[in-house]
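Student: So the sequence shown is numbered by the numbering used here: it starts at 209 and just counts up by one.
Treat the hints as calculated values from the structure; they're not laboratory data. As the structure is a computational prediction, the values presented were derived from the model and not from experiment. Each residue gets a CB set at the ideal place from its N, CA and C atoms; glycine is no exception. Certain hints may be false.
[Claimed, not checked] Derived DEER-like restraints, expressed as beta-carbon distance ranges:
1. Ala-284 with Ala-360: 44 to 50 Å
2. His-560 with Arg-538: 17 to 23 Å
3. Glu-603 with His-560: 15 to 21 Å
4. Asp-595 with Glu-421: 34 to 40 Å
5. Lys-362 with Arg-821: 32 to 38 Å
[As the list claims (entries may be wrong)] Distance condition first, Cα-Cα at most 25 Å in a straight line; then the derived SDA-like pairs of lysine to any residue:
6. Lys-883 with Tyr-694
7. Lys-220 with Phe-263
8. Lys-824 with Gln-358
9. Lys-264 with Ser-305
10. Lys-264 with Trp-230
11. Lys-240 with Gln-358
12. Lys-264 with Gln-358
13. Lys-447 with Gly-329
14. Lys-362 with Ala-636
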Amino acid sequence: MTRDLSRLFRPKSIAVIGGGAWCRLVIEQCRKMGFDGAIWPVHPKAEDVAGLPAFKDADSLPEAPDAAFIGVNRFATIEVVRALSARGAGGAVCFASGFLEAAAEDAEGAGLQAQLLDAAGEMPFLGPNCYGFINYLDGALLWPDQHGGQRAEKGVALVTQSSNIAINLTMQKRGLPLAYVVTAGNQAQSGIAAIGEALLEDDRVTALGLHIEGFGDLRAFEALAARARELGKPIIALKVGKSAEAQAATVSHTASLAGGDAGAGALLARLGIPRLEDLPSFLETLKLLHVTGRLPSNRIATISCSGGEASLAADTGHTRNVVFPPLNDRQKTDLRDALGPMVALANPLDYHTYIWRDSEAMTKAFSAMMDPQLAMTMLIVDFPREDRCDASDWECTIQAAIGSRERTGANVGLVATLPELLPEAVAARLMEAGVVPFCGLSEAIAACEAASLPLPETPVPLLLPTPAVEPDLVPEADAKWQLASYGLRVPRSKRAASATNARAVAVDVGFPVVLKGEGVAHKTEAGAVVLNLNSGQEVSDAAFSMPASRFLVEEMVTGAVAELLIGVVKDPAHGFVMTLAAGGTLTELMEDSASFLLPASDADIEAALQSLRIAKLLDGYRGAPAADREAILRAIRAVEAYVMENALGLEEIEINPLLCTPADAVAADALMRRKY
209 MTRDLSRLFR PKSIAVIGGG AWCRLVIEQC RKMGFDGAIW PVHPKAEDVA GLPAFKDADS
269 LPEAPDAAFI GVNRFATIEV VRALSARGAG GAVCFASGFL EAAAEDAEGA GLQAQLLDAA
329 GEMPFLGPNC YGFINYLDGA LLWPDQHGGQ RAEKGVALVT QSSNIAINLT MQKRGLPLAY
389 VVTAGNQAQS GIAAIGEALL EDDRVTALGL HIEGFGDLRA FEALAARARE LGKPIIALKV
449 GKSAEAQAAT VSHTASLAGG DAGAGALLAR LGIPRLEDLP SFLETLKLLH VTGRLPSNRI
509 ATISCSGGEA SLAADTGHTR NVVFPPLNDR QKTDLRDALG PMVALANPLD YHTYIWRDSE
569 AMTKAFSAMM DPQLAMTMLI VDFPREDRCD ASDWECTIQA AIGSRERTGA NVGLVATLPE
629 LLPEAVAARL MEAGVVPFCG LSEAIAACEA ASLPLPETPV PLLLPTPAVE PDLVPEADAK
689 WQLASYGLRV PRSKRAASAT NARAVAVDVG FPVVLKGEGV AHKTEAGAVV LNLNSGQEVS
749 DAAFSMPASR FLVEEMVTGA VAELLIGVVK DPAHGFVMTL AAGGTLTELM EDSASFLLPA
809 SDADIEAALQ SLRIAKLLDG YRGAPAADRE AILRAIRAVE AYVMENALGL EEIEINPLLC
869 TPADAVAADA LMRRKY
């Protein structure tokens, strides 16, 4: 059910239910921000709360409130929610904890959450176990604590599962205008995606930042991304949970490569949501998106009056997907005219200090650097600390940054290499003039990288994860037979019921052959695979030395120019994750892999293949023949087709190695775990 959150987030009347310090703070914060709607305290015994006359209960209110902050214990919360829903309230914030998020410690938690959902009916609510939200646009706060923000006419919206991180984000001194800050709590009813979509509908919201611990409803995230595309509003995310402790143990290389985080990364990439790695970069990217929207490319330039800063910018960009394009003839001519013959022209540019304090000359030089080939031009300026120094000499840089922006219409940023060396007042002044005030060089370049990522083609709906099962290890021969029926090329093979029988079977297959012991997951490590056997005696000797009683005899495929791994694991949080990687003995040595979710587009597959370090081998390295790329794509699509039609009961598949020859791509080994 899609619930309308507009009354809750943009209320004309607020009920504050409860009489403790938390509830008094909600009232105080609303007054402090200048909320001009009605505020109605509700308390069964008190005459007033925070100086306002109190109502006995929800039924006593003058009318159904648009929003209600419920600051009572978890048991009373359920009854208050029931009364508000019956009254027709627009929504509520459930502050109390002790629901499903506490189920591991308190057996009552899950049952209480079910009661809460039933009590709410169609009325939306946030939480439980959440701080609520701040609407800086209208001065409406259902927020029981301090915060560091101020009223704004437009700005970015932040949604987080952590109330403490939300508080910290409001305290930023970076000049970022905040429109909304919303905490989701345990998302009993309203999830992050639904909250984000509701906020994007406000015309005053320019971009959306999500702090995500877990995704939950995948279809809701697909809907959020689709709506953001329609509105032309960018979304970015900070997703936590990369630790090895979060990864599920399985028997395949694929699972160790994908881990617990590859599915999250693949989902965000599929939805066109750039992922940031830390809070400072997250905020700087939102700042950039607020001013410019998505960048048309990753081509950037920096200007500084120091060679050290120019070198630092180049080195910082070296590890990011950004480009410092060489200066074109027009830039060189105009820069030489502005700076004279003593400055070596390059990008990044060190313009020295010959023109310092001359704001017009600086504006001319900065404007000369700006060009249609650039998505962002950044001026590197660190201001002296305000408590011990005089910053008046730096006024020329502010004027030049703003002047070059006005003169060229280009995307312009002013960057302090150290975040603390850009005063908040300067940042606000630059922001007002359409210049991005970047706090930190690394963060600025990370922001440019994220903002320049192109939107992927509109994805088809995800293959959702199926219910968990206890899978069996499918015999390799059976796994290959099933996959071959979907178009996967596998070697000629026959089974042998014993070590004695293997010799005769090998003659039927034709030498040279590969001998494998059946029922072993990691055959190489267990000594259960021997390659390139050329006689019956060699087969017999190998069979008797293996830790197996049944065998598979296969043709020996030769002429591979590279070996790939194709793997699929069911990620219960994100869907079915396909991983492509260096195969064979290189899988663990190179840690060379790329993952995406199924079903995949041609662009997904091609981008994953090209991102691998062994792509050079596939393309023909140093005159060697190239692999048959079409055969590789057929193999990938064959595995995908099997997964799409047989997802129920499937846990994982691994082809390792896929032998890539100039004319073929053959699955030399196949692992499958599923429940029939």
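Student: Indicate, hint by hint, whether the structure satisfies it.
Tutor: Evaluation of the provided hints:
Judged by the Cβ atoms, the range 44 to 50 Å given for Ala-284 and Ala-360 is violated: they are separated by roughly 35 Å. Separated by about 21 Å at the C-beta atoms, His-560 and Arg-538 satisfy the suggested range of 17 to 23 Å. Glu-603 and His-560 have their C-beta atoms about 19 Å apart, which keeps the hinted 15 to 21 Å range intact. Distance hint for Asp-595 and Glu-421: a CB-CB separation of about 38 Å, consistent with the stated range 34 to 40 Å.
Distance hint for Lys-362 and Arg-821: a CB-CB separation of about 44 Å, inconsistent with the stated range 32 to 38 Å. Distance hint between Lys-883 and Tyr-694 is fulfilled; the C-alpha atoms sit about 19 Å from each other, no more than 25 Å. Of the pairs offered as hints, the one joining Lys-220 and Phe-263 holds, with about 18 Å between alpha carbons and a cut-off of 25 Å not exceeded. Using a Cα cut-off of 25 Å, the hinted pair Lys-824 and Gln-358 is violated, with the two alpha carbons roughly 53 Å apart.
Our distance criterion of 25 Å between C-alpha atoms is met by Lys-264 and Ser-305, whose separation comes to about 24 Å. At most 25 Å may separate the alpha-carbon atoms for a hinted pair to count; Lys-264 and Trp-230 meet this at roughly 18 Å. Our distance criterion of 25 Å between C-alpha atoms is met by Lys-240 and Gln-358, whose separation comes to about 10 Å. Restraint check: the Cα-Cα separation between Lys-264 and Gln-358 comes to about 33 Å, which exceeds 25 Å; the hinted pair is violated.
A C-alpha spacing of about 31 Å is found between Lys-447 and Gly-329, which places the hinted pair above 25 Å, so the restraint is violated. Annotation: proposed proximity of Lys-362 to Ala-636 holds, straight-line Cα distance about 14 Å (limit 25 Å).
Hints 1, 5, 8, 12, 13 from the earlier list are contradicted by this structure; the remaining hints agree with it.
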